[in-house]
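> The task is to assemble the complex, starting from two chains supplied on their own in separate frames and drawing on the hints.
Chains as they are written, first to last, in the working numbering: chain A, 1 to 271; chain B, 272 to 726.
Hints listed in this document are in silico derivations from the structure and should not be mistaken for laboratory results.
It is possible that some hints are incorrect.
[As the list claims (entries may be wrong)] The following label-pair restraints were derived from C-beta to C-beta distances:
#: 1; chain 1: B; residue 1: 428; chain 2: A; residue 2: 219; range: 43 to 53 angstroms
#: 2; chain 1: B; residue 1: 332; chain 2: A; residue 2: 120; range: 30 to 40 angstroms
#: 3; chain 1: A; residue 1: 198; chain 2: B; residue 2: 332; range: 43 to 53 angstroms
#: 4; chain 1: A; residue 1: 244; chain 2: B; residue 2: 426; range: 48 to 58 angstroms
#: 5; chain 1: B; residue 1: 412; chain 2: A; residue 2: 219; range: 57 to 67 angstroms
Ideal Cβ placement from N, Cα and C applies to all residues, glycine included.
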Amino acid sequence: MAMLEVNGISKSFGGLQATTDLSFKVEPGEIVSVIGPNGAGKTTLFNLITGVYRPDQGDIRFEGQSIVGLKPNQIVDRGIARTFQNLRLFTNLSVLDNVLIPQHHRLRSTWWSAVLRTPGYRRREQQMHDLALEKLSFFGPRLMSFRLHQPVYVLSYANRRRTEMARAMATGAKMLLLDEPSAGMNPKETVEITDIIRRMRDEGGYTILLVEHKMNLVGEISDRVVVLDYGQKIAEGAYQDVVDDPKVIEAYLGKRAQDEADSEAAAGGQA
Amino acid sequence: MSEKRMRNAVLTLLGLGLVAVVLYLVQASGNAKLAQVMALFAIWGIAAVSLNLINGTTGILSLGHHGFMLVGGYATALLMLPEAARARISESARSQMTPFTLGLSVESWMRAIGLPGLATPGTLWVRFLIALLIGGLLAMLFGLLVGVPSLRLKGDYLAIVTFGFGEIIRLLASTHLLGPFTNGALGYNGVPGNFGTSLWWTFGILALTVFVMTKLKFSSYGRALQAIREDEIAAEAMGVNLAYHKVFAFALSAFFAGVAGGLWVSYLAAARLDFFLFFLTFFFLVAISVGGTGSYTGVLLGTAVVVFVQQYGDPLEQPYSLHTWLALVGVIIAAVALGAAWLRRSRRLRPVWHPLLFPLLGIGVVAVLTALVGSHWAPLTGTFQAFGMRRILLAVLLVAIMVVRPEGIMGRAEFSWAWVFRERRDQPSDEERAQDAWLSNPELNREASDDEGEG
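Excised from the complex, chain B in its bound form (with noise of 0.2 angstroms):
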């Protein structure tokens, strides 16, 4: 056993130590584009983990994440906004900024407390990492906010409300109530460094959330969040806490959610409420159901699906000419039909070949071969551009997900080195195999079972 753990150590290091290599291959390679869809992955893979902790693992639906990010977002643009930028904000007229809040920098503070050593240039990501830390805290205290309402309410209701709370944080956020804290409606622009687009910086945090949410998941509070996924009632009357582990769970989910709002204003290099919209948190939820739910590995796998189609997907948005979207519509109406009739086939459904699929695959290959011989026919002339197909994209994924594997591609497996080497641990060996055959029936063990009975 511990030899087995011996090599996953290894293998684990092993796969660490490839990862960085490949990060600092992209890096030196210069490919700006790749080293920033990478950063991005990185930061929403941090948002979606940390969801998953409440939506997978935990079990309770809540859609108020980008709220969490923004509050850890704003925090950290605000504590470290540079000098110059305050002084731009304190003389514009339109900013509704107090000296109180526009004095809240971490700068300033390590200057007060007798540390000039933390307020150089060269110290800023000390500052970072500080500001990263109290936006983290600052969202986790809003997340004790949502946490409490959690404990009467369930399902969609409480779906409901936490959606609410995202929506309410952002309007409240350019209004006078805390427009102080947040330059209203103009935010914040030029947050100092390039913590957000370092992927130094944002795989390791990743790396740490992830290392966070593996270890509590398999350890003893893990197994009491699962409790209240599978059965609430359950789980109370085997003595869990409920009010406890679910505001525990909007607690830290909230606090990794802040510190990837953090990061997200970084790596936006500004802070303004449009960054904090309802989509990051639809992203994220596709993320988590595309890679299964309450599985971290699944999530991480979903999010580098949604960053790959939001970042490379532009050739989808570009104009084409009609005939050949009308091959491409044609393509995948024969795609779906025929996909249909493999799904038919692998769950043994009979006929194979539903009545309706012959008119679908029909439709589809007319259309693409209207297309092809129809070049220079006059309806087909023209082009067309499908703005927002990106985000249809990923709505047809979910759906074709739901449809073909509801659990999501990793189920709540996660992946692990025994998983790689197909050591199962619930199948019996041989020999106990022999013995469950033997328990299970009735002829062979009547004498045993009656042994049993006086022992």
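Chain A extracted, bound-state conformation (with noise of 0.2 angstroms):
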């Protein structure tokens, strides 16, 4: 049974056609990559995915239930998290209780047991505390020790998006979204980011759905590639495959680009 199954589904605004009958699957233990050119839907299919909007058309199925019509706080229940494009972290909290907050929805624990702290909510309570410091030492020793207690808006930009990934992890999803996750950083940060996605999946078992633009990332870490252009896809499957194809290719770059490339291959051919 595929993890996540989007079937159809359909979303506009106003006239606008965001997303067209658009399907696709991703299955368990899978890396997919959703590219695109700018305006092509890619954000437009996460919030379909998170419950942020609700398709006009066609359903999208988790573990094989339909999770349409969920509010975005039901679907992290079910096991989807995301990451935002431009962050989105609580800036004014710690980095350990930006870590701790995508917890609280598992907590079950009454209001009262944690004014009184009562020895069952302090158990939780170190439960989450250790589950944060897990999920932050994935990134190595960068958010650890005095990190933890800092305000977010005092972290440079990639220990931002880092810690934003640390928290999608905590809420306990077995998938994660992530929109643009190398967004903003530099070649080198580049590099180690496609390595923590890879030991996402590898070590921590997750299964990751991506948006990205930086197509040595996408090649890299991606088991199959989602192409969406005008809110529908055009192609999909091995990374090879798919930016040989012309439809993509015309999709980047535009029809004369791939006339030229065209001749430019047969005029090589001849050669």
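Below, the structure is given as structure tokens:
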């Protein structure tokens, strides 16, 4: 059974058709990338899956059950968590708090036992603390020790990205949607984040769906790639197959560039 | 770590003991004014701290706190009303009270359920506690009522709804709809007991409120509420149930507001509609803004400032001769100029002496000199009395805080012993600093990052 199944979903905002009859599947343990030019509907797709928007048509199934119409927090309960393209951390709170908050929805203690700090609540708080450290240690010592207690606003941009990924992992989700995890990172940091994403799958056991613009990152880690243009899926498959697809080249570079590429190829063939 | 916790616990107990000694001394000294001011501080403190749960921690601007206090206050007053007062009301032709509402009394309930021991004058405090609790729960019910529209509204729109609620509840209380419960515009006189003026009761409940609020803030629930304040969309995307937590914040805050209302009624020994005007909420908002939005210890500090100005501000509203006023205004203008220069210096703005500051300072100095020299000058004879000066002072204070320190005196931080002892957990030790420098220096850790790629 596929982990995530998107079946013919459509969404329009007024006259703008943001997503049209889109279908794809993500199997457990896969890393699937969604690529496409600006405005292709990648982030809309994320918002549809995470319940920010509700699709006009079609169905989204997670582990066989429909998640259409659920609120974002209910979808997190089911096991899908996301990161945001323009970082939405809890800026004035500490790194540790940022990674503790996503665990709150799994807390089964009542508020008064939290106020009274009952032994049961203390134990759960300790568990939450341990899990937070475990997720933060994915990124090496960078976010540990004294940084745990620093407010997020003093962190560097790359560290904020890492904190956001740790935060998504701490929700206890099985599937992570990463919206441009390497945006604003330098090449060295991009290499590191590529490695982190791979380790999230291999060691953390997460299934990952990501939107990304950096093709070297996409090519290196994706099991499969879904290409969107104008809200429609124009190609799907292994990275090498997809980037050679004429439709994909057309979407990225335009028609004339495609013709030129063809004629160049033809000329090369003759020579 | 546990050694430090031990130390903190001991220090906290010592601090509480010190407060208790101070309260005892105040009560023993027989200084009635001081005791009354301190009781008022505690009652307003309860209300301000509970409002801070919504405004500071959850980040929802609510302006209807006086409405919750009214509900709790009237409930307590009605449930505690002595039989003699009930008889007087039932004989009054202008009263809208019905036999049913006149029968709402903790005392008669205690007799009805076969506990006459709790209906004696000696056990008045038990009945007061029950009445406070019922008042709080009733206010909580109204909190739920307001909390539900808060799910659909945000920011200014929600503030208007809560403000409207506070006003509607006060106006409804004077109509036939709620009149039977509130005795209309007449209200209740002679609420028995001196619980609202007792320092032990008021400070005891204040301590309980602060305990619950701070423990909540530093628990998982408090973190979820703060997440809503920081970024609602992100909070929801991280699994925080917005509806539940917002309504929860409103309900818990309204409960303590209702309790504060009960004490407020007991403090004034009467319940009347004009005890629950919007100015109450305004004072709490000033206390929160001055003390620090989201900081409960800061809010207590702010409440102390507000209560002090309100209670000891009488000299400000006495008649003074005009040249005294002129001198005062001159001093204020000069002080503003000097303060602005100091602010510019501390913020490293150049030039420190902005060209506009010279005329301002000049006007101030000239005003002071005129007042000193010309005390017999004809236009300066006569007196002037500035009514409402206390509230003006509070408003000016609010403006000054917003300019100099918009986050309030304490900001979001709470008072803690770790802060007293300068223990900062967000600063690296020397060893960690070296490690950090090593990590962030690409020259030093090139090999290491390659290794990391393997592992």
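> Now tell me, hint by hint, if it's right for this structure.
Right, here's what the structure says about each hint:
1. B:428 x A:219: 43 to 53 angstroms: holds, 48 angstroms
2. B:332 x A:120: 30 to 40 angstroms: Given a distance of about 35 angstroms, which is inside 30 to 40 angstroms, the answer is holds.
3. A:198 x B:332: 43 to 53 angstroms: Cβ of residue 198 (chain A) to Cβ of residue 332 (chain B): about 45 angstroms, so the range 43 to 53 angstroms holds.
4. A:244 x B:426: 48 to 58 angstroms: At 50 angstroms between Cβs, range holds.
5. B:412 x A:219: 57 to 67 angstroms: holds, 60 angstroms
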